[in-house]
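Enquirer: Sequence:
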Amino acid sequence: MRGSGRAHAIHDRPEEIPIRQIAALPYRTNREDATAPVSILLVTSRESRRWVLPKGNMIDGLQPHAAAAHEAEEEAGVQGAACPTPLGSYRYRKKRKNGASLNVDVDVFPFSVTDLLDEWEEQDQRQRQWFSLEEAAQLVDEPELAELIRRFRASDSDRRIAKSGFGLGLQKSSPKFAVFQWVQALLPKQGNFFELFEAHALTLLSGSNALARLLGGGPGMRDHIQELTEREHEADLITREVLQTVRRTFLTPFDRSAITSLIGSMDDAIDEMQKTAGAIDLYELTEFKQEMKDMAAIIVDCARITVEALPLLRHVNRNAGRLHELTERLVIMEGHADEIHARGLKAVYKEHGETSPLRFIVERELFTHLERVVDRFEDVANEIDGLVIDHA
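Residue numbers (the working numbering): 1 to 392.
Read the hints as simulated data drawn from the structure, not as lab findings.
A few of these clues could be false.
Simulated crosslink set (DMTMM-like; lysine to aspartate or glutamate; CA at most 25 Å straight-line) [said to hold, decoys possible]: (1) 94 / 33; (2) 97 / 74; (3) 289 / 241; (4) 289 / 227; (5) 350 / 365.
Computed Cβ-Cβ distance ranges for the label pairs, DEER-style [to be verified]: (6) 256 / 45: 51 to 57 Å; (7) 195 / 58: 41 to 47 Å; (8) 46 / 281: 43 to 49 Å.
Given the structure is predicted, the values throughout are model-derived calculations rather than measurements.
We put the beta carbon where it would ideally sit given N, CA and C, even for glycine.
Construct all of the structure, not just a fragment, from the sequences and the given hints.
Expert: Here's what the structure looks like:
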């Protein structure tokens, strides 16, 4: 029997919908190595002193990822690029002063740390400390958050597999494989394709960080433009080496066309980054729309994912599931970037379309380059998916 109207109204009260908060996942890599461990910055809560992510309520007038960046600076004293696409969410219970314990859903945004501040607003109320992924996952109380942290980067076992080289070592017991090994010993080496892929991915990561810093403006813009030019040149050298290695290597780990398509998509991404920097230099721009900064933050996370994915190609079969997770996130972020691009372009047109057409054209060009960078990362995702389909 249906309850009374009063009871039904109480059940549908909007207060019973879980409260939503945002959190930043501040991270950094310790060295320029595709298999380098990622460190996560945690802070202590003010009352219980347990380890948590910088988090808080939504802030009027700020997008969720921007609010997460605000919390990261206020609680942890870090600045950087907050990706507008959340990594996932987790739930915890928040104790109210009136004794109630209510569900809170927290959206987590990857936050690439570029600056660690010496002084910040809550430095006397909290501690901050860098931890490995596994350490951070063990320290937080929420199981869903712990899993998000663990899956933020390939596990240690995945990295060991990645570093072991392309090999069918698990098949050594097969007599057919023994014959294959004997034949392989007579053939030219497979080439250093995996090392070259990973080296190129690192230029993408370094270039994306330089791009994000460049769009932040400030006195160091000239240096960031120069770094992007240098990174693009390094990427060209790596791409050229890949193409030469394809021509002189008899036995390749993947189909030759797949190898050239993958490195080509990666190279196109950093080319567009450099073109963005070139346009900024040409037009002498010093201020940038928030949507441009948001797209740059998406590019940083795309590069981070690419750096993780490339070593996993050394053992496609075992890493197929994780590779699919990573490429799926790249595709999701490309769709989000399209939305940001459309919103930013509309805002620029409203601001400059009639009063300053030249300014509109210039800013539209920047948006176009940024959109193309993200599109090229989607191409990278498609190439990796193709390899998984063919070889897993």
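Enquirer: Quick check: does the Cβ-Cβ distance between residue 46 and residue 281 fall within 43 to 49 Å?
Expert: Holds: the Cβ-Cβ distance is about 45 Å, inside 43 to 49 Å.
Enquirer: Please verify whether residue 289 and residue 227 have alpha carbons no more than 25 Å apart.
Expert: Given that 25 Å is the threshold and the Cα spacing comes to 22 Å, the pair holds.
Enquirer: Hint check: residue 97 vs residue 74, CA-CA at most 25 Å. Holds or violated?
Expert: The hint holds at about 23 Å.
Enquirer: Honestly, do residue 256 and residue 45 meet the 51 to 57 Å range at C-beta?
Expert: 54 Å, holds
Enquirer: When you check the alpha-carbon spacing of residue 350 and residue 365, does it fall within 25 Å?
Expert: 16 Å, holds
Enquirer: Take a quick look at whether residue 94 and residue 33 sit within 25 Å of each other, Cα to Cα.
Expert: 40 Å, violated
Enquirer: So if I understand the rule, the pair passes when the alpha-carbon distance is 25 Å or less; does residue 289 with residue 241 pass?
Expert: Distance of about 38 Å is beyond 25 Å: violated.
Enquirer: Does 41 to 47 Å hold as the CB distance between residue 195 and residue 58, or does it fail?
Expert: 44 Å, holds
Hints 1, 3 from the list above are not met by this structure, while the remaining hints are.
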